[in-house]
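Asks: Residue strings, one per chain:
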Amino acid sequence: MTSTATEPVSRPGATPAPPRQHALRRFVRAFAARPSGLVGLGILLVVAGLALCAPLFIGNDQLNVVMVNGPTLAPPSGGYPLGTDQAGRSILLLVIWGARSSLSIGIMATALTMLLGSSVGLLAGHYGGWIGKGLMHLTDWFIALPGLPLAMSLAAVMGQGTASITVAIGVTSWASTARLVRAQTLSVEARPFIERARALGAGNTQVMLRHVLPNVTPLILVSSTLTVASAILSEATLTFLGLGDPTSVSWGSMINSAFSGGAVTAGAWWYLLPPGLAILIVVLGFTLTGRAVEHVLNPRAVNGR
Amino acid sequence: MSLLKVRDLRVSYRTGVRESPAVRGVDLTLERGQTLGLAGESGSGKSTMALALLRLLPPSAKVTGQVLFQDEDLLTAKWSRLRAVRWSEASVVFQGAMSALNPVRTIGDQLMEPILLHEKVGEKAARRRAAELLENVGVPARRLRSYPHEFSGGQRQRIMIAMALACRPDLIIADEPTTALDVMVQAQILQLLTDLVREQGVAVIMISHDLSVLTQTCDRLAVMYAGRMVEHGPSEQVFADPRHPYTRALAGAFPTIGDPSSRRAPTGLPGDPPSPGSLGAGCSFAPRCPEAVAACRTREVDLWPAGPRRESACLRVLPEFANLADQPVADQPVANQPVKEGGAV
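Chains as they are written, first to last, in the numbering used here: chain A, 1 to 305; chain B, 1 to 345.
Heads up, a few of these hints could be off.
Unchecked claim - Some chain B residues near chain A, calculated using beta-carbon distances under 8 Å: (1) A84; (2) V92; (3) F94; (4) A100; (5) L101; (6) H118; (7) V121; (8) H209.
Hint data in this document are derived by calculation from the structure and do not stem from the laboratory. The C-beta atom is built at its ideal place from N, Cα and C for all residues, glycine as well.
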């Protein structure tokens, strides 16, 4: 949404475009009329704000296992509202710090998914024939493959780390986006303005990027807000399985270390529960926001425009 | 040198295993600044022919013949060259302006698109040109930032015309530019198109099923039937004194205002145009022709001269058939098909 708002301003030599602002205001109003979407957006803003501000009040001395001096695996108390882990770190601060890597991996993986999915979909829809067929066969193949084992083996092959998890999530989840974008591309390409664009000498790239892509963008946007949620879940799964960066704190790795650190046998529910709930809340936030955006942008669901 | 010379243009569509011909050998010449009207009913091949000139047909269409545009054969030209010719030298006004504009981009962007594609000018200069073009067709330039859905149908068609003129082409192909517009707007659009064309000396091929519209706006008129040209000549003459029974039927389908007899007895044409796959020997119009004789079903027809600067593909323009007009049709002994007695002409 922010990119839409800043685009007219950043265009050189152009004064702000009124029609686009109208459209933005209409979008905001329609979105505001959906309470669930507002709740979702509120959750996301709070979590994102906390994650962004975390370095201001969380330093190395609270995260480094050798520098902390709290009680180990202590239940919630005044000084530690959510208790401590086996090294004596505050669970509350860990959960807040974990949001940073969970959100950033989720968003980067989504960006990768959308990039892969929309380019494959756009190419497959634009070039029929053997290129389109080949790409769709590839897509079907990826849809048929079980995602988690593939992501696990990919992450294992590429080694532990943030980048490999991002790539693993992106590579396993682009297929459904590609199908979506291809279907929409086919329907846009059948419209007469594409014929007009060809008649005025537009080549394949021009047709795809200037005519088809803007018509497909709302769909990509909606699908990406919903994909972030599943990307965060996959990230948590993969890091829980120990495929993430072992030095960084994320929700998945917290549950992993709680599990391996004996939190279950010690009955330390305060160690297991908070990261799980955090995942739940953020995924809920993205899903609610995504559903609301989908509802606003879907022309069939729009009433009283 | 003529601007456009088309020789024996043939287009056929592949439908399954069979090929069905849509255009079956059309020749035409167009000079700079001339306007040519292309008339015919739906399925007569007029749009197919016009789009074949710029190779705008889907890949399933097979095009043969020669299209010499400024002495360059467009049917064998390289894709890059063809794309350069498209719009900068020959542009198209599409039917249905409602859908020929991209709904998610502003009119300004779309008007600038051909200019930026074909000419080495900056964005600012292109925007200025787009504003000029818009003013030329009677739409205020401040509306450059509006989206297509904010315009009326007539305005959109005006924008399409502005777009066609964007790169100062030598030829405009207008494919039914006034369909789906009401009569008043239709008249305005046609007037606008004729004025602009006259001012800038652009050649125009106008396609329509409306013979009266074409007569009004074009110098010359060509009538197509089943993928062939059946009559050709100066438009007033063709409309007022048709030499081909098909043209006669088309012209007769319009009631003359102020003439009650034409209104009470509108003349139509019975039957449907032949399907492209089932064309036999002889004149393809013969099964529907009220004046057909036996020779029509066997002898190949061609465009024969029919008076000064006129041509017709009817046997009756030939001297040996000229006196057939009075013979009753049913007396022909070799008629192997029952002749449909249709609307009297």
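Asks: Of all the hints given earlier, name the ones this structure violates by number, lowest first.
Replies: Hint check: 7, 8 fail, others pass.
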